[in-house]
Structures are given as C-alpha cells and as structure tokens.
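Start from the sequences and build out the full structure, keeping to the hints where you can.
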Amino acid sequence: MSNSLNGISKPKFKNNNNFLIEKQKKLIPQISKLKLQNPNESLPEEVDTTHLKCKKDKIIEELYKTEYSYLKHLKILLSKMDKELFDKNNKNCLEIESEELKKLFLNLRWIYQVNALFFNTLTEKIVNWDENSKIGDFFMEYIPYLKMYQDYFRNFDVSQKHIIQILQKSKKFVKWELEKRKKYGHDLCSLLIMPIQRLPRYELFLKGLVNITLQKHHDFEDLTKSFKMILEVNKKLNESIKNELNQKIMLELQNRLSSSKLENIVVPHRTFIQQGSFTKMKGKTMERRNFYLFSDVLITEAIVFGSGLIDDVLYLKETIIEDLPKQNKVENAFLIISKENSFIAAFDEYKMKKYVYYKMKKTVSQLKKKIKSFYIKNNKNTTEKKKSKTKNNIRNSPVWIPDCCAMECASCRMKFTMIKRRHHCRECGLCVCQKCSSHTALLPYRNKTRKVRVCDRCFFKIVEEQEKIEIKKKKKKI
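Here the sequence shown is numbered in the UniProt record's numbering, starting from 1 and rising by one per residue.
Read the hints as simulated data drawn from the structure, not as lab findings.
Incorrect hints may have been included.
[Stated by the list, open to error] Simulated pairs of lysine-lysine, DSSO-like, Cα-Cα distance not exceeding 27 angstroms:
#	residue 1	residue 2
1	K72	K180
2	K55	K75
3	K75	K180
4	K161	K248
5	K359	K242
In structure tokens:
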C-alpha cells in the first residue's frame, strides 16, 4: 500500500518534539501553494494508538480516527463519484448538468488538501505522543485555514436542492444513489454533508481537551486560544450562511409580493425571521393570511390564487403584541395592535400560537430596545422632546371584537338578534347596538376628512378632549 496522501508523503517519525513542531510549521503554509489534484492515491494505514490511555489521550485518539474516516469519505467523493457524475469520458458517467454541484466539488478539493496536511501532521503527533506532548499550538496554526470551508458552506444548500430535483427527474440517478449507498454505506447527500458536520466536531474536541487539561499544563493556554479561534470561525461561517439565506428569501419575496404599501422588502438593516399563516379575525371577517416577520416589519399576504398581494404592512416600532385567553369561540389566538391596523391572529394549534407569539413579542422588544439605545447615544435631550410631542398624536388602530365573541351590546348589555344588529365602534373596537352608536366623529389617525361611527362612550370622550385642546389654544393666545 502506498504511503502517500494526495501526493503528500507520510512523514518519517522521530522522537524529537521540536522537530515535529518545525515540520508542522513548514507543512501548514504550503496549503495556499498547493495545486488542485485528484486524490487518487491510497491513504496511509492507520498507526497504532494503544499507547494512548488517559482521558486526554482518548480524545486525541478519537480525533485521529475520525479524521482518518473523514478523509477516507472525501476521497470516495473526489476520486470515484466525481468522475461518475461529471467526467464524460467515463463510460458510467451520469453527465449531471449542475454548475452549483460542480462548484461544490471544486471547493471540496481545496478542503481535501487542507485536511490532508492536517492528517499528516496529526499522524506525526500521534506516533510520538507522550504525557508532555502539545497539540494546542498545532491547532492554532491549522484553524485559520478552516475559513476555506466558507465557499463550500455557501454553495451547499443550493446544491442539495439541485440533487433533490435531479432525484425527482432521473430514475438513473436514483438507481446510482442506491448502488453507492450499498457499496460505500453512504450516498452522495450523506457524503456531501460531512464537511458541514466536521467543524462543529473540532469545536467539541477542543472543548473536551480544554476541560480536562490542568491550568498549570504548558498546553492549556494554546488549547484555550485554539478553542476561542474555532468558536469564532464557526460563528462567522454560520453568520455568512444565515445572511446569504436571508438575502435569498427576501429577494424571492420582493419578486413575488407586490403592493403600494411597501416599495422595497430588501433593505440593508432588515433581516428575515419567520413565515407562516394564521386566520385574521376582525369584526365580521375571518380570512386566512400568510405572514412574513422581519426584524422591523410584519407583512401579511392575502391568499389569492396566482398572486402575491400584500394585505397589511405593520411597522413593529409602533406595534403591540398581547396574549388573548380563551374567549367564547376564539382559541389559540393573540392580539396584534398597530397604528396601521389591529386584529386577532388565530392559529390551528396551541403550540404554533405560542411559538409565533413569543417570536413576535421578542422581535418587537429587541427592535424597541435598539431604537431606545440609539436615542440615548444620539442627542438624548432633543429626541426626548420630540417623543413627548409626538407621543399623544400616535394612536393605534383598535382591535375589532369578532362577531362570534360578541353576544350582547358592550354598552347596554342587550342581546343581539336578527333585528338588534351589531355595530363596531371605530375608536375602541367594541360591538354595540345601533342605539348606543348613534354618533359619528372625526378620527385623524384613521381618516382626516371623513367622520366614522363611534359608540356613545367614545364620542363623549372625544368631545371632551377636543374642548380641552381648544381651551389650551385660547390660553396660549392670551
């Protein structure tokens, strides 16, 4: 069996630790100079690990064995599956036309080169391992090169979707997948996900090593630094994936949804959080709506065949989310109160209602905290004055009590009948009879020119407020 790994010879082991560290420092920088090659050569045989006995040694042993297995599976992908998928000169080639999948394999070749060097140097460490051996410095040298996984992470999600589409269309590809699973114990999808799973494994290995290494040990400081480095790498990779996915979702929604209420969904500060559906209940209407929750806005979509029509755009900085206990026929629901519109959002299941409620509540809370901290940092005094002036002018649209929940007039308590009909007060949203809602009033936050129906109680409050405003104006003139 050949003792080389992708053109990198298995090192001749020495008992000098200084030699190993120097050798390691020479090996790692070679990554950027490597040419892309197919890993057609055999992996070196596993070395003896019976001398590894203590807890720390066992973690090192597991790291070594899993790394060997990982490289072995990457080799199957790059030396065998690659040709059968894309190489038209190969008799068994499936001739898969997927640029995204080809990009993924190209990224995979770089990853293989990095891990081949890692494995060779780790093998040297294992052969010469004793109780005084260090591995933290080795990880510190190696971890920065894990950033090369970033392109693979970005292309992975799209490639998986392409594979699913190919599986749905090609029976030949389905048969090929089953053959590979039988032959290697893994199909294409399960092999391609291995690099995604590998980086969290490094994090776990380093966490385990830090936990069992004494602070007095000469390797503790380097292990701690390495652990922090891998945490940072994983965090950045996850953020880059999240941001890219976020942009894709928002672009899809931008192209699908249309309304004069919102010009652009894709804006720099906005992030996508969740989507789903609920029953929008307001007065007599009970309509199914899709919702899209963003970091600063909630969009509801009318479910109409063949169109993506925006129903409501609620800005979260002026929105209140309140829980709603069981009330007559309304279950699994909460209130969404906003300046633009207010209604009851009802869900099919309690678990879904609870999840969405806390998600929306948390998003609104986080946005308001950001705005508050911004006000504190920038011109605290002037913003507070502006807030106090505009606070009284900002009025939320009332939640209309659904007809099914109102059995009697909220004012006179007379039961509703076919003759004694329900009417909603546009100011408070309560159901009242015609006798108790004989007045109309001008509600500036709703319509500046047209008077609307209000209940008697709200009418007298509005009149009283207007009288107070007029008295204040007269006093200012004097």
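Does K248 sit within 27 angstroms of K161, going by the straight-line distance between their CA atoms?
holds, 14 angstroms
For the pair we were handed, K75 and K180, check the Cα-Cα distance against 27 angstroms.
Holds - the C-alpha atoms of K180 and K75 are around 14 angstroms apart, at most 27 angstroms.
Hinted pair K55 and K75, Cα distance within 27 angstroms:
violated, 30 angstroms
Does the structure keep K72 and K180 at a Cα separation of 27 angstroms or less?
Status holds; Cα separation ~15 angstroms.
Just to be careful, I want the Cα atoms of K359 and K242 compared with a cutoff of 27 angstroms; is the pair within it?
holds, 17 angstroms
Comparing the model with each numbered hint stated earlier shows that hint 2 is the single one that does not hold.
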